[in-house]
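Line by line, the protein sequences are chains D and A. At position 283 of the first sequence the residue is numbered 283 (the numbering used here), and the sequence of numbers has no breaks. At position 4 of the second sequence the residue is numbered 4 (the numbering used here), and the sequence of numbers has no breaks.
Errors might be hidden in some of the hints.
Because identical chains share one entry, a pair is satisfied inside a single copy or across any pair of copies.
[Claimed, not checked] Straight line, CA to CA, 27 angstroms or less: simulated BS3-like cross-link-like pairs of lysine-lysine:
{"id": "1", "residue 1": "211", "residue 2": "68"}
{"id": "2", "residue 1": "68", "residue 2": "205"}
{"id": "3", "residue 1": "68", "residue 2": "184"}
{"id": "4", "residue 1": "16", "residue 2": "205"}
{"id": "5", "residue 1": "201", "residue 2": "184"}
{"id": "6", "residue 1": "184", "residue 2": "211"}
{"id": "7", "residue 1": "16", "residue 2": "184"}
Simulated from the structure, these hints should not be mistaken for lab results.
Protein chains: 2
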Amino acid sequence: MRIAQVAPLIESVPPKHYGGTERIVSYLTEELVRVGHDVTLFASGDSVTSARLIASCQRSLRKNERCKDPVAREVLLLDHLIEQIDEFDLIHFHTGYLHFPICRYLRVPHVTTLHGRLDIPELVPVFDRFRNERLISISNAQRQPLSWANWQATIYHGLPKDLFQFYPDRGDYLAFLGRISPEKRVDRAIEIAKRAGMRLKIAAKVDRVDKRYFKRVVEPMLQESHVEWIGEISDQEKAFGLVMIEAMACGTPVIAYDAGSVSEVMEHGVTGLIVTKLDGAVEAIGRVANLSRARCREVFEKRFTASRMASDYVKVYRRMIDARMRNLNRCFESSLRAIARQPDALKDRKRTQKRPALIT
Amino acid sequence: MRIAQVAPLIESVPPKHYGGTERIVSYLTEELVRVGHDVTLFASGDSVTSARLIASCQRSLRKNERCKDPVAREVLLLDHLIEQIDEFDLIHFHTGYLHFPICRYLRVPHVTTLHGRLDIPELVPVFDRFRNERLISISNAQRQPLSWANWQATIYHGLPKDLFQFYPDRGDYLAFLGRISPEKRVDRAIEIAKRAGMRLKIAAKVDRVDKRYFKRVVEPMLQESHVEWIGEISDQEKAFGLVMIEAMACGTPVIAYDAGSVSEVMEHGVTGLIVTKLDGAVEAIGRVANLSRARCREVFEKRFTASRMASDYVKVYRRMIDARMRNLNRCFESSLRAIARQPDALKDRKRTQKRPALIT
Numbered sequence: 001m002r003i004a005q006v007a008p009l010i011e012s013v014p015p016k017h018y019g020g021t022e023r024i025v026s027y028l029t030e031e032l033v034r035v036g037h038d039v040t041l042f043a044s045g046d047s048v049t050s051a052r053l054i055a056s057c058q059r060s061l062r063k064n065e066r067c068k069d070p071v072a073r074e075v076l077l078l079d080h081l082i083e084q085i086d087e088f089d090l091i092h093f094h095t096g097y098l099h100f101p102i103c104r105y106l107r108v109p110h111v112t113t114l115h116g117r118l119d120i121p122e123l124v125p126v127f128d129r130f131r132n133e134r135l136i137s138i139s140n141a142q143r144q145p146l147s148w149a150n151w152q153a154t155i156y157h158g159l160p161k162d163l164f165q166f167y168p169d170r171g172d173y174l175a176f177l178g179r180i181s182p183e184k185r186v187d188r189a190i191e192i193a194k195r196a197g198m199r200l201k202i203a204a205k206v207d208r209v210d211k212r213y214f215k216r217v218v219e220p221m222l223q224e225s226h227v228e229w230i231g232e233i234s235d236q237e238k239a240f241g242l243v244m245i246e247a248m249a250c251g252t253p254v255i256a257y258d259a260g261s262v263s264e265v266m267e268h269g270v271t272g273l274i275v276t277k278l279d280g281a282v283e284a285i286g287r288v289a290n291l292s293r294a295r296c297r298e299v300f301e302k303r304f305t306a307s308r309m310a311s312d313y314v315k316v317y318r319r320m321i322d323a324r325m326r327n328l329n330r331c332f333e334s335s336l337r338a339i340a341r342q343p344d345a346l347k348d349r350k351r352t353q354k355r356p357a358l359i360t
Numbered sequence: 001m002r003i004a005q006v007a008p009l010i011e012s013v014p015p016k017h018y019g020g021t022e023r024i025v026s027y028l029t030e031e032l033v034r035v036g037h038d039v040t041l042f043a044s045g046d047s048v049t050s051a052r053l054i055a056s057c058q059r060s061l062r063k064n065e066r067c068k069d070p071v072a073r074e075v076l077l078l079d080h081l082i083e084q085i086d087e088f089d090l091i092h093f094h095t096g097y098l099h100f101p102i103c104r105y106l107r108v109p110h111v112t113t114l115h116g117r118l119d120i121p122e123l124v125p126v127f128d129r130f131r132n133e134r135l136i137s138i139s140n141a142q143r144q145p146l147s148w149a150n151w152q153a154t155i156y157h158g159l160p161k162d163l164f165q166f167y168p169d170r171g172d173y174l175a176f177l178g179r180i181s182p183e184k185r186v187d188r189a190i191e192i193a194k195r196a197g198m199r200l201k202i203a204a205k206v207d208r209v210d211k212r213y214f215k216r217v218v219e220p221m222l223q224e225s226h227v228e229w230i231g232e233i234s235d236q237e238k239a240f241g242l243v244m245i246e247a248m249a250c251g252t253p254v255i256a257y258d259a260g261s262v263s264e265v266m267e268h269g270v271t272g273l274i275v276t277k278l279d280g281a282v283e284a285i286g287r288v289a290n291l292s293r294a295r296c297r298e299v300f301e302k303r304f305t306a307s308r309m310a311s312d313y314v315k316v317y318r319r320m321i322d323a324r325m326r327n328l329n330r331c332f333e334s335s336l337r338a339i340a341r342q343p344d345a346l347k348d349r350k351r352t353q354k355r356p357a358l359i360t
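If we strip away everything but chain D, and leave its shape as in the complex, we get:
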């Protein structure tokens, strides 16, 4: 299958710094190449891939201080893609909605994975107007603000099988992994560890917007003797649910509040425990010891590898290509019938078509 993967330009693929979307695009692309597809990656020029790379800018945009207008590069990327679109059987966008107006008129099947939060009011009229655009969600929870949109599938993220090593032995500390921000509630993790009498290692990055919160709320709590601040470790801006999957890959069970995709990704009582209150979380620390680390790894290998993710995507691609072929065949046959009935039919069809004034 000749597949185009269209990545954001904000980070390289894979990302040198943070970039959950770019990591997933990279895993998917490499896996598709590995199983024999002919893949072209549209991404920034500092990307590294075994696919064919087509770059509309040399460097990814986040580190490019001079870049005042990121949309300019995205517009270029889109045009590079359209120019060679006949080379592909399927286009897979990871770039939001900017391509929707022109994609209405694409002859090539295409699908868009939405990687971000969808609870932004401006998105409603866009996805309403472009209801024909086929979408993929990364969890069922993510769909909620646009539940009526044209969803084709939920495809959970996957990691290369050997990216994380399985650790059979239980450690003697708790870990908090992620971003320091009010809604991530590292303060709760510190409180929970304290009550459970366990050490807590915190590996987290602090975004600029969260500096004040870190200084005021979190930093004083780091003085407590049971807390160890590790700070920023690489590859740490996790896409939705990615932390849970990484823990699973290592064999580490997770204790999580029930929010977002938690209940979809985690199997309660198997790969971790879902809690609703702080008391419940403290109590869960005792019970989590009974969960099998080997079973966590098993679930990872079954449900959350890049290979499973790629194969789910290929199923969607295949379905879309088949639908397109059926459609074309139908059009072709009805054209033949029309021509047989009336030689001027082609002319009439042209006159009555509604959409639109594009030159091919």
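Given the structure of chain D, go ahead and fit chain A onto it with the hints provided.
Structure of chain A alone, referenced to chain D:
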């Protein structure tokens, strides 16, 4: 002529607050309607026009605090336009470059007026790649960073003839009109007025980014006895050269440093004096008294009315429509010849065409 005017959504047309571009789009639209064209304005829903209004959002975006993603609305606007594009003889964009990828494939002639500064590095590859897109500049000076782009004309702004009243009598004070920011050099105006022994009235707005500069540099200078601070008056974010044109309409000569479009808009020794140094500016205040206020108004009426602006635009529109017709005729004739030579020619042409997979 059936003309679509496509305005930015950041402000209504005309703007309720600041918005040089939206003011010009409004003047142009109203003038085109007045002289009998069939005009459709694509703009925010709070716009007021005698043209047909098509709105992709109810309210303009600047005052809409909830709007986190302005590109979403622009994408909608574009799609509304494309949907009915066959209704128009010509599309006139005032919205930057977002439409370039899809406009490559438009059957309808279209042109884009660039209203802003062009010295942004990201613009270079965009205008390089879309060299076929026809552009209009609002001054020759504006073109400089992209001098090689596909410029069709420079069309200076124009104001409705009766928007400003002619004042035949000279006042006894100087005025500074515009925005408080380091590059506008209100400090110089204060110094010049002081040296010339004249009062200076300052009507200016202070943008958020310039608050610090205002507090630190300008505010202390406002204490001087010859300075009168008027503050923000409406309609004050002037597009390039608009202040000069407004002064002309009132019959007021201008003293200006030679920058941007100054030497194109102002006729040195007729509607004002161009200076290069502070000393020269002080000295010019004496000489400016000799310039005829009636002559300033005459120049305004000849060169800078909305009616002149609209007629310049119509000339460009006409040229583009004619070129398109010639092109179509050529295509049609060569198709006829090809068919005459070889009945399979149509099929072959389809196979060898390079651009691209769009459905019409």
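Results of checking the hints against the structure:
1. 211 to 68: Both. Shortest intra-copy (24 angstroms) and inter-copy (22 angstroms) distances satisfy the 27 angstroms Cα cut-off.
2. 68 to 205: Both, since 25 angstroms and 24 angstroms are each at most 27 angstroms.
3. 68 to 184: Classified as between: cross-chain Cα gap 22 angstroms, same-chain 30 angstroms, threshold 27 angstroms.
4. 16 to 205: within (15 angstroms within a copy, 43 angstroms between copies)
5. 201 to 184: For residue 201 and residue 184, the Cα distance is within 27 angstroms only inside one copy (15 angstroms; across copies 54 angstroms).
6. 184 to 211: Classified as within; 14 angstroms inside a copy, 35 angstroms across copies.
7. 16 to 184: within (24 angstroms within a copy, 41 angstroms between copies)
Comparing the model with each earlier hint shows no violations; every hint is respected.
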